[in-house]
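J.: Each chain is listed here by its residues.
Protein chains: 2
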Amino acid sequence: MERRNTIQRELVLQAVRTLKRHVTAEEIFEFLHQQHPYIGKGTVYRNLNILASEGEIRKVEISDGPDRFDFTLKEHYHVECICCHDVSDVDLEALPDLIPRIHDHHGMKFMGYDILFKGLCESCQREAELREAVADD
Amino acid sequence: MERRNTIQRELVLQAVRTLKRHVTAEEIFEFLHQQHPYIGKGTVYRNLNILASEGEIRKVEISDGPDRFDFTLKEHYHVECICCHDVSDVDLEALPDLIPRIHDHHGMKFMGYDILFKGLCESCQREAELREAVADD
DNA sequence: TCTCTGTTAGGAACAATTCCTATTAAGGAG
DNA sequence: CTCCTTAATAGGAATTGTTCCTAACAGAGA
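Those protein sequence lines, which keep their order, are chains G and Z. Reminder that position 107 of the first sequence reads as 100 in this note's numbering, one-by-one numbering, no gaps. Reminder that position 39 of the second sequence reads as 32 in this note's numbering, one-by-one numbering, no gaps.
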């Protein structure tokens, strides 16, 4: 009796696959709540994390906002817009492994690292230009 | 009338400098609250962020926990213990700049990136070994 | 089918942070 | 120096994001 198949878990998985990428737990909850008013937030959070730990979906931790979930399993990096906080994928040449570059371990056993890029998306750039133009007159 | 000097701001700055590195806003609050029971949490959060944006202290954003604040301004990276969530400094050879390695911008203007290393600290390693030894008998 | 076991659901509780409004520091006028 | 005006600030209320707790229930075996 290891893992039970519940309607809720299946619903959460389908929602991640249906919605666009990089959704928050809150967005999944809102989406499911429309069709299934009795589903709880705790259920959504728990199942998202279980699915992520089983490797069925990918969890993207954002330092200054809620975690995002993504149905793609392929390894890739993310950029967060510093203005609207939208997250998108980054295409990057293979990185050199950073772990061997670490000196002075202080006994710490290094396991990996997260990289999150920061930037300004196209529409926020346009808005910023618009605001500058208004400020100029 | 741009920036006001308040007792609270000075207290927050002194607290960051007095306490050991990588303290959370909560820890600063607790520390100050002992001497100054009427200081509010909002005040601590706001002043930490103001001081960080002015460059007087450094803010370290942690994806799976509260932000940390550090009095050192020197550029360096951090490791978080995946077990006890303690944060410490990493000594690393200079990294190649990652921004030129990005392909396919999709109109995004890249500004920088955060790297957070993950690992297991010495005392958590010892505890893990101890638990294994107990499980073996 | 019935019982037993341990996973799960849902909402309550908690933690981290932001927001709102009365207060107050700073600057200028008298 | 004192009063007045203005906008930054303080403190706590409110909000947001996530975890925890207990009753409910899925699945396995008798």
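Hints are supplied without guarantee of correctness; some may be wrong.
Any copy will do: because identical chains look the same in the list, a pair fits if it lies in one copy or spans two.
[Stated by the list, open to error] As a list, the in silico DSS-like pairs of lysine-lysine whose alpha-carbon atoms are at most 27 Å apart: (1) K52 with K13; (2) K34 with K102; (3) K111 with K52; (4) K67 with K111.
Source of the hints: derived by calculation from the structure; they are not laboratory data.
J.: None of the hints should be skipped; say for each whether it holds.
T.: Tested hints:
no. : hint          : verdict
1   : K52 with K13  : within (14 Å within a copy, 32 Å between copies)
2   : K34 with K102 : neither (35 Å within a copy, 35 Å between copies)
3   : K111 with K52 : both (18 Å within a copy, 15 Å between copies)
4   : K67 with K111 : both (21 Å within a copy, 20 Å between copies)
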